[in-house]
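For the protein sequence lines, the chains are S and H, in the order given. Residue 248 in the numbering used here is what sits at position 248 of the first sequence, and the numbering runs on without skipping anything. Residue 96 in the numbering used here is what sits at position 96 of the second sequence, and the numbering runs on without skipping anything.
If you are wondering where the hints come from, they were derived from the structure by calculation, not from laboratory data. A hint or two may mislead.
Label-pair restraints from in silico Cβ distances [claimed, not checked]:
hint, chain 1, residue 1, chain 2, residue 2, range
1, S, Thr80, H, Thr135, 54 to 62 Å
2, H, Tyr48, S, Thr80, 38 to 46 Å
3, S, Thr49, H, Val219, 31 to 39 Å
4, S, Ser248, H, Arg25, 37 to 45 Å
5, H, Gly240, S, Gly82, 57 to 65 Å
6, H, Arg25, S, Asp142, 19 to 27 Å
We put the CB at the ideal spot given by N, CA and C, even for glycine.
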Amino acid sequence: MSAIEADSIWKEYRRPHVRATTFKEAALALLRGQRGYDEFWALQDVSFTVEQGEAIGLVGPNGSGKSTMLGILARVLRPTRGAVEVTGRVCPLLELGTGFHPDLTGRENVFLNASLLGSGHRQTAARYGDIVDFAELSDFMDAPVKTYSTGMVIRLGFSIAIHMEPDILLIDEVLGVGDEHFQHKSYARLAEFKRAGKTLFVVSHSLTGITTVCDRAIWLDRGHIVTDGDADEVVRQYHDAVIAWEQSLAEAKARDASAS
Amino acid sequence: MSELLEVVRYREVLWNLVRRNLKVRYKNSILGFAWSLLNPLMQIGVWYFVFKILFGRDEPNFMALLVTGFLPWLFFSQTVLDSTACVTQEMALVKKAYFPRTILPLSVLLSNLIHLAFAFIVLLALYAVWGVDVTIYYLWVIPATLLVAVFAYGLSAMLAAWSVFYADVRFIIGNLIGLWFFLTPVLYPVYHVLKGSLKNPDNVVEIFLSAHLEPLKKVFMLDPLTIGVESYRSALLYGGENFIKIQVTPAMTELEQANALALQEGLRADYPLLPYILGAVAIAVATAIIGQWVFQRKAESFAEQG
Ligand SMILES: Nc1ncnc2c1ncn2[C@@H]1O[C@H](COP(=O)(O)OP(=O)(O)OP(=O)(O)O)[C@@H](O)[C@H]1O
Ligand SMILES: [Mg+2]
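Only chain S is shown next, with the shape it has when bound in the complex (with noise of 0.2 Å):
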């Protein structure tokens, strides 16, 4: 059975040229017949089918779509046209640092955290201990959370979520903030996840992590699908091509240099 099932995904997002913020601004904009946006496609006819079990990784450069991928299958976003469909409990991380109230302490915050993950107040007290311990604050956990470092942050929310018990995990550039130590336990956990026959959907700019962790991957570019296959493989072309044209550019400036 498959658990996640992306049919024909658009996105569009409607960019604000100088963001009319106010209802003047934006009757303004009306009465000169502007639009006051532009529409921006930031993806355009994905489809891909990821098994259970499987780890896929997404690759690509900034702003390619990435993020908006992830954020359509946690259903925090909505694609434009198609439909996704999701089997499973799932659990998303999504960029950094989100989704956690800096004057709150750390033990309010993970009630809080875990109850938008569908975790129930008697199950996240049963689980806070493993949490804490994972995330290895427990000193920390009477603190309101603005006192965290960035890591700090990142391995709290990293850690309740693979204490979620989760069927698909969505994990959106967070691996690399935690420290050498944690990244070694993070990748590991990983990696039972996957004994355990979970699903696994990282977007990282970390290549070798894709390669570690995932089976497959998908490179994207400027919203479209470039490849999909395995990892390794991906992960080549992907940076063979950032090689080629990065190579390009210093071609092109090497050549402007000589004819001035």
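Once you have looked at the hints, place chain H with the ligands on chain S.
Same frame as chain S, but now just chain H with the ligands:
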């Protein structure tokens, strides 16, 4: 409807947000929760000073009428004002995971219901001091609160959604609520408006008002807040009696008393309560339905904003 099921499924998030709202409101204050009792008490102290001492208002029960009517108003206005920030403040959660967004305005409503309950405790303590009797009619407070809550929720949901896209909503509402306060019978009893007339209108506003006085009075009576505020008084102070009520005092001459009673009976005949109450309920329910519809439609793109 399916959204309601989702809210039930995610009720844990709702409880957590309510708990959080209550905690954060008095964060960094030494007295903490005591403020939810102290705030209404201090407000009442200010009024006592202004109305009793400065203006020398000495109608019987003046303070009791004022404070009783203020409770549902405070609940309403605070809910509506809080709602304008409820989505933007929780953007981190909105971007983090899916949950039925309806939980956001709902959490504002529930938090303020809890504050209302605290204020009620203060009120009962004051009643004990003022010697107001506890009666079975107190129970009417429940439907009256429900009416105000449904109405407040509808407006909240709508405003919560709009203020994600237009920051102006917050400022406009801040001012409108200030105006609405004076259009709601909090500082005066409802009969003041119903008996009111403009003898010599001499500017545009007054001419407009006097030309449309009767329909405007009907609108005033249909305002769920008018009904809510006055129902509180009826339930808690008038022993369930019709709230179009003129206080008769022993200080009045017999003729004055008779006139007051005649006026009261005339107004009660002109404004039969039942249709107005039903009208107000209909308005509140319609507001809630429209508000929820607007909210759900806008909620789809919350995460794309800011
Ligand atoms: N809320 C938004 N409103 C308008 N445009 C947006 C919004 N979010 C993203 N975009 C645009 O959509 C495109 C894809 O963004 P996305 O965040 O998915 O990229 P990404 O692949 O995750 O990039 P990165 O590697 O930098 O994380 C970008 O061009 C971005 O400008
Ligand atoms: Mg991204």
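Status of the hints after comparison with the structure:
no., hint, verdict
1, Thr80/S <-> Thr135/H: 54 to 62 Å, "59 Å, holds"
2, Tyr48/H <-> Thr80/S: 38 to 46 Å, "59 Å, violated"
3, Thr49/S <-> Val219/H: 31 to 39 Å, "59 Å, violated"
4, Ser248/S <-> Arg25/H: 37 to 45 Å, "58 Å, violated"
5, Gly240/H <-> Gly82/S: 57 to 65 Å, "59 Å, holds"
6, Arg25/H <-> Asp142/S: 19 to 27 Å, "20 Å, holds"
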